[in-house]
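Peer 1: Here is what each chain is made of, one letter per residue.
Protein chains: 2
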Amino acid sequence: MRYSLAIMAIALGIGGAQAQVSPPLQVQEIGSFHVGGRVVALGDMPKREIIPSPGAPPIQMDPNGEFQVEQMYAQYIKLAEPRARYPLLLWHGGGLTGVTWETTPDGRPGWQIYFLRQGHDVYVSDAMERGRSGWARFPEIFASEPVFRSIGEGWDLFRVGPQSGWNPKAAQRRAFADTRFPLAAWDAFARQSVPRWTTTDSQIQAAYNEYVQKVCPCVIIVHSQGGNFAFNAALAAPDKVRAVIAIEPSGTPSAGTDASPLRGVPHLVVWGDHFADSPFWQKIRNNVERWAGAIRDMGGTADIMDLPADGLRGNSHMMMMDTNSDEVAGRIQAWMARRGLMR
Amino acid sequence: MRYSLAIMAIALGIGGAQAQVSPPLQVQEIGSFHVGGRVVALGDMPKREIIPSPGAPPIQMDPNGEFQVEQMYAQYIKLAEPRARYPLLLWHGGGLTGVTWETTPDGRPGWQIYFLRQGHDVYVSDAMERGRSGWARFPEIFASEPVFRSIGEGWDLFRVGPQSGWNPKAAQRRAFADTRFPLAAWDAFARQSVPRWTTTDSQIQAAYNEYVQKVCPCVIIVHSQGGNFAFNAALAAPDKVRAVIAIEPSGTPSAGTDASPLRGVPHLVVWGDHFADSPFWQKIRNNVERWAGAIRDMGGTADIMDLPADGLRGNSHMMMMDTNSDEVAGRIQAWMARRGLMR
Chain A
50 MRYSLAIMAI
60 ALGIGGAQAQ
70 VSPPLQVQEI
80 GSFHVGGRVV
90 ALGDMPKREI
100 IPSPGAPPIQ
110 MDPNGEFQVE
120 QMYAQYIKLA
130 EPRARYPLLL
140 WHGGGLTGVT
150 WETTPDGRPG
160 WQIYFLRQGH
170 DVYVSDAMER
180 GRSGWARFPE
190 IFASEPVFRS
200 IGEGWDLFRV
210 GPQSGWNPKA
220 AQRRAFADTR
230 FPLAAWDAFA
240 RQSVPRWTTT
250 DSQIQAAYNE
260 YVQKVCPCVI
270 IVHSQGGNFA
280 FNAALAAPDK
290 VRAVIAIEPS
300 GTPSAGTDAS
310 PLRGVPHLVV
320 WGDHFADSPF
330 WQKIRNNVER
340 WAGAIRDMGG
350 TADIMDLPAD
360 GLRGNSHMMM
370 MDTNSDEVAG
380 RIQAWMARRG
390 LMR
Chain B
50 MRYSLAIMAI
60 ALGIGGAQAQ
70 VSPPLQVQEI
80 GSFHVGGRVV
90 ALGDMPKREI
100 IPSPGAPPIQ
110 MDPNGEFQVE
120 QMYAQYIKLA
130 EPRARYPLLL
140 WHGGGLTGVT
150 WETTPDGRPG
160 WQIYFLRQGH
170 DVYVSDAMER
180 GRSGWARFPE
190 IFASEPVFRS
200 IGEGWDLFRV
210 GPQSGWNPKA
220 AQRRAFADTR
230 FPLAAWDAFA
240 RQSVPRWTTT
250 DSQIQAAYNE
260 YVQKVCPCVI
270 IVHSQGGNFA
280 FNAALAAPDK
290 VRAVIAIEPS
300 GTPSAGTDAS
310 PLRGVPHLVV
320 WGDHFADSPF
330 WQKIRNNVER
340 WAGAIRDMGG
350 TADIMDLPAD
360 GLRGNSHMMM
370 MDTNSDEVAG
380 RIQAWMARRG
390 LMR
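Chains as they are written, first to last, in the numbering used here: chain A, 50 to 392; chain B, 50 to 392.
Do not rely on the hints blindly, as some may be mistaken.
Intra- or inter-copy, both count: the list cannot distinguish identical chains.
[Said to hold, decoys possible] Result set (DSSO-like, lysine-lysine): computed pairs, CA atoms no more than 30 Å apart in a straight line:
1) K218 x K96
2) K263 x K289
3) K263 x K127
4) K263 x K218
5) K332 x K127
6) K289 x K127
7) K332 x K96
Keep in mind the hints are simulated off the structure, nothing from the lab.
Bound-form chain A, shown alone (with noise of 0.2 Å):
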C-alpha cells in the first residue's frame, strides 16, 4: 500500500519539497561479484590459538596458506526496461567506498537511485583494498602501511571551508559561505571512510581493467582518486568504454602518454566550486585539463562542465552529496543525452 498512498498524496497535493515521492523502480534483477585478484602463498608465520566468538572453542589459526588477494567488488541493480544503451559504473575515489554513490550522508537519495531513475542500470564498487573488496596483509602482500583519514582532513581537501575554518566541536567550525555540503551532516560523511593504501595504484588498476572486461560495454562515472583509474581503464580497452564522466578527477595517464585511442571515446570534467581557494586543487586542474587537451588534439571529445561558470555556486569536491546533488546529476544526465547515450 506503501505506493498507493503515494500517489493519493500527489493527488491530494499532500506532502511538501522534502516529500519522495517516486513511483516504483522495476528492477529486474539485484546481485553483485568479485573480479580480478589473484593467490599469493604465505609461509614461515607462527600459528596463534583464537576464539572465533564467546562460548564457542578455541581454534588454532594459522597465518600461512593461500590466500585470494587484490579482487575487487562489484554490486549492481538492471532494470526491467532500462533507457540507456550502456551500464553505468560508479567509481569512488579516495579514502572512501561505493558508498559515496548511495543515500547521502544528510539521508537524501544519491546519485545511484537518481541515475537508475533515470534509465541507467547501475555498478557500484569497492576499489580493490577498500570496503568489500577486503584487504591484504602487509608489509607481506601490500607494501606499507596504509593511511586513515581523521574527521578534518576533508574540509579543506574537499573545499568545503578554509583550513583555518576546521574544528573538532561541529559549533565552531567555519565553511565557505556559499557551500552547498550539507555541513550538519559532515560527521556523519566521516563514517563513510575507509583506510586506504598509496602502494596499491597497480594492484586497484588492474582489477578495474578486469571488471570492464567483465561488464562493459559501459559508461563510467569516476571521482577525484578514480579518476586516473577511469582514464586509464579506457585507455586499455577504448572498445568496451563508452564514455568516460570525471568528477573533479584528482590525476591522470603520465605526462606524454598517447591520447589516441580516446578518439572515439567521449569524455565529461566536472568541476566544482572554490579553486581559488586552493593552490592544491589549481594544480590538479591544471594536469587534468591538460590531459583532456591531448583527447582534443587526436579528435576526440574532452569536454569541460565548470559549475560555477555555468551558474552554480559553492560546490565542493563531494558534490554527490551536496544539497544539489540533483541539479548536478540533472547536467550530466544531459550531456549524456546529448552524446548519443540513451535510447
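Following the hints, complete the assembly by docking chain B onto the known chain A.
Peer 2: Chain B in isolation, oriented as in the chain A frame:
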C-alpha cells in the same frame, strides 16, 4: 524490453530450469547509512608525505587528529508493497561481509533477492570493522592485529569436506560426496573473505544494538559468528526484535544469562549436515541448543530446524550459497509465515 522478452520467453516455453525469469521487483527505495561508532583523538604520531594519486602533488599526511571509528554500514531495499510485517535484517558471519547474502559465488540469486521476492524489505549490513563499515588503526584503537582467512581454512570449518580433503589445487580437493556447496565456485567464494579481529566483540555488539534501535521492529536472519550478536541484540531490545532466525550460530550469550526477556521473541535455529564429522561443531551445537532450551524453559519459542533430519542432506555451514539455497530459504519463509510474520 528486457521484461517483455522474458515474458515472451515464458509464453513460448523458452529457457530451461536455469533461466531466472521473474517479474520485475517493485522497488520503492534503495539506500544506505552508517550507525554508531565514536570519535577518538590520536596524538604524538609523526607526519608523513604521501602522493594521493599519480600526477597529483604530494600532501602532508598527519596521522594525528580526531577519527570516526567503530561505525557500521547497512544498505536497504524497500518494496512498494511489502507483504512482510517487518523489515528483514540479514547479519553475516565471521571473516565475511553482507556479500554473504547477495549473489552466490557460482552466480545464482542469493537470499537478499529471494526474500525481497517473498515480499520483505531487506537490509544487508557489514559488521563493525568489515566491508563498508571500515576499520580502525591497531593497536591504538583495535587492541590486536586482525586475522586473515586462507583459501583452505573454510573447507573443514564450513563442513564442505574433511580437512584431509583440502588441496590448493582445485582438481585435487576432496569434498563430502553429498555436499551441496557449489564446489567449482570455492575460489570465487574465497574472494568474499575480509580480515577480521578477535578482540572487537563489544564494539560490534554496540553497533548492532544501535542498528536495531534505528530500524526495528524487525526480523533478523543471522549467520555463524553473527548469532551471538543477534541473540544479545534481542536480549537488549526484545520489544524491537520480533524474531531471530539463526543459521548455524557459533556462539550464545554467556552461560547463566536470563533468557526470560525473549519469551515473546520466537527463535529458529537451522543446522546443516555433517555434524558427525566435526567435534568442533558438535560442541557449538550443544551450546546453542542449551540456549534454545533456556528460551523454551522461560515459556518462549526456540525451534530447531535440522535439515538432514527433515530430508535435506549435504548442506554446509554456508547454506545460503549451497546449490539448494532457495529450498532452505523456502523452509525459513514457511516458518516466518507460520509465526505470523507475514501480512
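Peer 1: Check each numbered hint from earlier against the structure, then list the numbers of those it violates in ascending order.
Peer 2: 5
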